[in-house]
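Chemist: Residue-level listing of the chains:
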Amino acid sequence: GAGVSQSPSNKVTEKGKDVELRCDPISGHTALYWYRQRLGQGLEFLIYFQGNSAPDKSGLPSDRFSAERTGESVSTLTIQRTQQEDSAVYLCASSTFEGLARNEQFFGPGTRLTVL
Amino acid sequence: TQLLEQSPQFLSIQEGENLTVYCNSSSVFSSLQWYRQEPGEGPVLLVTVVTGGEVKKLKRLTFQFGDARKDSSLHITAAQPGDTGLYLCAVGGNSNYQLIWGAGTKLIIKP
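If you read the protein sequences in the order shown, they are chains A and B. Per the numbering used here, the first sequence runs over residues 244 to 359. Per the numbering used here, the second sequence runs over residues 846 to 956.
Keep in mind that a hint or two might mislead.
Between beta-carbon pairs, the in silico distance windows are [as the list claims (entries may be wrong)]:
| id | chain 1 | residue 1 | chain 2 | residue 2 | range |
| --- | --- | --- | --- | --- | --- |
| 1 | B | V895 | A | S305 | 34 to 42 Å |
| 2 | A | R307 | B | G885 | 25 to 33 Å |
| 3 | A | V317 | B | L890 | 19 to 27 Å |
| 4 | B | K904 | A | K258 | 42 to 50 Å |
| 5 | B | S875 | A | R307 | 16 to 24 Å |
| 6 | B | L890 | A | S301 | 41 to 49 Å |
| 7 | A | N295 | B | P926 | 42 to 50 Å |
| 8 | B | Q859 | A | S248 | 32 to 40 Å |
| 9 | B | S857 | A | R307 | 33 to 41 Å |
| 10 | B | S852 | A | V255 | 29 to 37 Å |
| 11 | A | N295 | B | L890 | 40 to 48 Å |
| 12 | B | K904 | A | A245 | 25 to 33 Å |
Hint data in this document are derived by calculation from the structure and do not stem from the laboratory. In this text, a Cβ means the ideal position worked out from N, Cα and C, and glycines have one as well.
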């Protein structure tokens, strides 16, 4: 079946511009995660959605970052007034059953964001 | 200080050799996962270990969870170019749904 998809795959933008990244999770997966991965580093948790519950936004690095999810489907991550330090790969993952940490997370291929 | 320390950070070896990479911490965890990430792709789960001392095998890959559940190792026998990738370990965070990730070991297997 279809896996997690993300778009665009690559995004180059100028400092100060806003960008919107999209994630389509696996159908039926109630949990959705956004991560940031800087070059040569591990994954940095950004935000978690579970069904209709309030999202856990504790990982968002600043108020320039926001994310939305429509029900149990598509999610968008928006970065306003981008800065060069926002350059990274942004990964989305989905999971079943309340996204318990020990449950497998299925990742999309990521969006590589470059801020000039 | 990283909660999870992975070593080595980088390893480049010839096809056919054996290798071990490590994931260490001073904290105790209820479970630990290993993922492999290939260039341009997201991580893919290899294994989850939950019991201290547990050993799991996945073809030529052997995973071990330390007795005290603070560390883990991944051993690859007769490495092949297809094993090339970034190997990441991850453990549960403060919530029951959040993972904390190590920085990974970048492995290159030369033909």
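Chemist: May I ask you to test the hint 33 to 41 Å on the CB atoms belonging to B:S857 and A:R307?
Modeler: Roughly 38 Å apart at Cβ, these two residues keep to the hinted range, so it holds.
Chemist: Given the hint of 42 to 50 Å, check if A:N295 and B:P926 actually sit that far apart at their C-beta atoms.
Modeler: For A:N295 and B:P926 the Cβ distance comes to about 46 Å; the hint holds.
Chemist: Just to be sure I understand the hint, the distance between the Cβ atoms of B:S852 and A:V255 should be within 29 to 37 Å; is that true here?
Modeler: 34 Å, holds
Chemist: If you check the beta carbons of B:S875 and A:R307, does the distance land in 16 to 24 Å?
Modeler: Taking Cβ atoms as reference, B:S875 and A:R307 lie about 35 Å apart, which means the hint is violated.
Chemist: Looking only at beta-carbon atoms, does the pair B:Q859, A:S248 fall within the given range of 32 to 40 Å?
Modeler: Because 37 Å falls inside the window, the suggested range holds.
Chemist: Within 25 to 33 Å or not, the Cβ separation of B:K904 and A:A245?
Modeler: Hint holds: Cβ distance 26 Å, inside 25 to 33 Å.
Chemist: Given the range 41 to 49 Å, decide if the beta-carbon distance of B:L890 to A:S301 lies inside it.
Modeler: 24 Å, violated
Chemist: Against the range 25 to 33 Å, how does the distance between the Cβ atoms of A:R307 and B:G885 compare: consistent or not?
Modeler: Distance hint for A:R307, B:G885 holds at roughly 26 Å.
Chemist: How does the Cβ-Cβ distance of B:V895 and A:S305 compare with 34 to 42 Å: does it lie in that range?
Modeler: With Cβ atoms ~36 Å apart, the hint holds.
Chemist: Does 40 to 48 Å hold as the CB distance between A:N295 and B:L890, or does it fail?
Modeler: Violated, at about 26 Å.
Chemist: Regarding B:K904 and A:K258, is the given constraint of 42 to 50 Å on their beta-carbon distance met?
Modeler: 46 Å, holds
Chemist: Return holds or violated for the Cβ distance of A:V317 and B:L890 against the range 19 to 27 Å.
Modeler: Holds: the Cβ-Cβ distance is about 23 Å, inside 19 to 27 Å.
The structure fails to meet hints 5, 6, 11 from the earlier list, while all remaining hints are met.
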